[in-house]
Amino acid sequence: MAHHYSELRMPLVHGGKTMHDITNDVCGSIEGKPSMLWWIGWMVSGLVALMGVLTIGFQIYKGIGTWGLNKTVGWGFDITNFVFWIGIGHAGTLISAVLFLFRQKWRTSINRSAEAMTLFAVMCAGLFPLIHMGRPWIGFLWAAPYPNLRGPLWVNIRSPLLWDVFAISTYFSISLVFWYIGLIPDLATVRDRAKHWARKFFYGTLSMGWRGSVRHWNHYETSYMIFAGLATPLVFSVHSIVSMDFATSVLPGWHTTIFPPYFVAGAIFSGFAMVLTLLLIARETMNLKQYITEDHLENMGKVIILTGSMVGLAYGTEMFMAWYSGSMYEQYAFINRATGPFAWSYWIMVSCNVISPQTLWFRKLRRSPIFLFIMSIFVNIGMWFERFVIIVTSLHRDYLPSSWAHYYPTHVEIMELIGSFGIFFFLFFCFIRLLPGIAFGEVKGVMKMGQKHKHEEKPGNDQTPAAEVSHA
Amino acid sequence: MPDEENKLFFGVFTDEDDCLEATKACTEANFTYHDVLAPYAVHGLDRAMGLPFSKITWVTFLCGMMGCTIAFLGMGYMSYWDWPLNIGGKETLPVPAMIPIMFELTVLFGGVCTMLALFAFCFLFPGKQARLFHARQTDDRFVIVLEVDEDFNEAKAREIFTANHAEDIREVDADYDINSGPEGAA
Numbered sequence: 002m003a004h005h006y007s008e009l010r011m012p013l014v015h016g017g018k019t020m021h022d023i024t025n026d027v028c029g030s031i032e033g034k035p036s037m038l039w040w041i042g043w044m045v046s047g048l049v050a051l052m053g054v055l056t057i058g059f060q061i062y063k064g065i066g067t068w069g070l071n072k073t074v075g076w077g078f079d080i081t082n083f084v085f086w087i088g089i090g091h092a093g094t095l096i097s098a099v100l101f102l103f104r105q106k107w108r109t110s111i112n113r114s115a116e117a118m119t120l121f122a123v124m125c126a127g128l129f130p131l132i133h134m135g136r137p138w139i140g141f142l143w144a145a146p147y148p149n150l151r152g153p154l155w156v157n158i159r160s161p162l163l164w165d166v167f168a169i170s171t172y173f174s175i176s177l178v179f180w181y182i183g184l185i186p187d188l189a190t191v192r193d194r195a196k197h198w199a200r201k202f203f204y205g206t207l208s209m210g211w212r213g214s215v216r217h218w219n220h221y222e223t224s225y226m227i228f229a230g231l232a233t234p235l236v237f238s239v240h241s242i243v244s245m246d247f248a249t250s251v252l253p254g255w256h257t258t259i260f261p262p263y264f265v266a267g268a269i270f271s272g273f274a275m276v277l278t279l280l281l282i283a284r285e286t287m288n289l290k291q292y293i294t295e296d297h298l299e300n301m302g303k304v305i306i307l308t309g310s311m312v313g314l315a316y317g318t319e320m321f322m323a324w325y326s327g328s329m330y331e332q333y334a335f336i337n338r339a340t341g342p343f344a345w346s347y348w349i350m351v352s353c354n355v356i357s358p359q360t361l362w363f364r365k366l367r368r369s370p371i372f373l374f375i376m377s378i379f380v381n382i383g384m385w386f387e388r389f390v391i392i393v394t395s396l397h398r399d400y401l402p403s404s405w406a407h408y409y410p411t412h413v414e415i416m417e418l419i420g421s422f423g424i425f426f427f428l429f430f431c432f433i434r435l436l437p438g439i440a441f442g443e444v445k446g447v448m449k450m451g452q453k454h455k456h457e458e459k460p461g462n463d464q465t466p467a468a469e470v471s472h473a
Numbered sequence: 396m397p398d399e400e401n402k403l404f405f406g407v408f409t410d411e412d413d414c415l416e417a418t419k420a421c422t423e424a425n426f427t428y429h430d431v432l433a434p435y436a437v438h439g440l441d442r443a444m445g446l447p448f449s450k451i452t453w454v455t456f457l458c459g460m461m462g463c464t465i466a467f468l469g470m471g472y473m474s475y476w477d478w479p480l481n482i483g484g485k486e487t488l489p490v491p492a493m494i495p496i497m498f499e500l501t502v503l504f505g506g507v508c509t510m511l512a513l514f515a516f517c518f519l520f521p522g523k524q525a526r527l528f529h530a531r532q533t534d535d536r537f538v539i540v541l542e543v544d545e546d547f548n549e550a551k552a553r554e555i556f557t558a559n560h561a562e563d564i565r566e567v568d569a570d571y572d573i574n575s576g577p578e579g580a581a
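Residue numbers (this note's numbering), protein chains in the order written: chain A, 2 to 473; chain B, 396 to 581.
Certain hints may be false.
To be verified - Restricting the straight-line Cα-Cα distance to at most 27 Å, the calculated cross-link-like pairs of lysine-lysine (DSS-like) are:
#	chain 1	residue 1	chain 2	residue 2
1	B	K485	A	K196
2	B	K419	A	K106
3	B	K523	A	K201
4	B	K523	A	K106
None of these hints come from the bench; they were simulated from the model.
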């Protein structure tokens, strides 16, 4: 008996699983009764989401005056939350599209939930500019290229805020399409296992009669590649455009040319931290340790240290350029960030984003789920504060000292921020209950990693999975 | 779509390599494929079957170009033709400022049309009944379905399937489908 195992590569899935085991494991979690932990998470996040929705209703009823904004600080929690959530979304696209183009096969275990995360994060992000309009029901007239009632005057196509409308809506649509196309073969598997008529109907409708014909796979794989090719420049364009909301202004602290790459790196950084937060919970509560292995965690840790260092470099570059510019307003803006009334938020940002990820140079820490979980929370906090620092500290010192102001968020803004987390987690809990949380169709395709193909090694066609030998 | 007259001959495989080898052999022996079914995308199986590269890329290209053109013409109409505004004496056709939206609409049109084209090319629609030859065809079984036409050589087909460890070999009617037949879950 010739055992063929890993002189090739480490297997991506541990525990010597067969293809049918993978189907059973992943489908099992949406076919059986949900666990107690799921119910608790679903209900708690649902209540928080409900609180958020009620607060938003209150704010729309009373008006934007319920927020702590003033004439000087016109953007506060709202746009901070918007940029934060958009950034979170970027990791999902990076995992599903960029890593696909780079043939990083380890992405298969995590891409489905990361893509779902992207969609929910973009929904949360879109919420804030919408409610910032005060009267969102006529937002369509302001944002869509539609001759409005003051003219007919059109939208200003020179404005990055309008580019943002197009970027975010395209991003959401393409992420949804990419995610749904990826889901179809897995939904077909769930449909073919379904016993109850309601499940047969639900998954049968969604899976569009997919039967796995190779003629279809031919078109499918080509279009999957196209989606990855379209989503990759898209994801870079989205956060570049978001950064131009600031960078094309004349405000010290905003109008820097490094903003687009700096924002993209920051987005991937925060997004990977959120992927880690979610997946560490999912692998613990849904028994997915053999799919989301320590190797996956380590890879994500490496991305975090890379992007975290890029963000740190960008902070340094900003400081240097402010000094080198010779402009006193620019210099003041940056000194004020580090020593002014909002210095606490600046130093929270620096310690969470620059210092904490540097611990991941140690392999042991990169492979420790508990450490990574704590670290990912720190990064999430730090990246929220990064946007807060950029927006609020740049605004609160106006050109005229008589216009200088401070900004205190009201309870409405705080509850809306917490509520957006509730909405995000609530949607995620619904997702892992209703749809296959791991793209098992794609995982099966990389099962042969760490195993020789039969035609490479003819004698003795036995099927011992490499994982059994090297990891059991 | 199933041929009205021809019966079908199929083999069920449990491993992608077996299915791939058997498909190569069947293509070489000039069998007419009714279908080859796989639970996931097997690298090279489409080429082994002799399928050409998908033409879906053309749809993406043309629709992407269409999105780009619509964006350019739309913005040009708004700011140059319909309501030109003098903003600090700047161009009323600000081409550099139009690039982001032109790019976004290229991606949006290209992506959405690719999805629609995929559904059209594969004739998929919500609620379509999938035709199954094996209950685990979308789980872990690979099925090669051949048409039993005039020059079908059953002995040869059987030989190829057996040599590649087919788990099950059958000849069935043209409208065979386990959804409607008595065969339940395997």
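Comparing the hints with the structure gives:
About 66 Å separates the Cα atoms of K485 of chain B and K196 of chain A, which puts this hinted pair outside 27 Å; it is violated. Note on K419 of chain B and K106 of chain A: the hinted pairing holds, with a Cα-Cα distance of about 26 Å set against a maximum of 27 Å. For the given pair, K523 of chain B sits about 12 Å from K201 of chain A by alpha-carbon distance, which is consistent with the 27 Å threshold. Our distance criterion of 27 Å between C-alpha atoms is broken by K523 of chain B and K106 of chain A, whose separation comes to about 32 Å.
Of the numbered hints given earlier, the model fails hints 1 and 4; all others are met.
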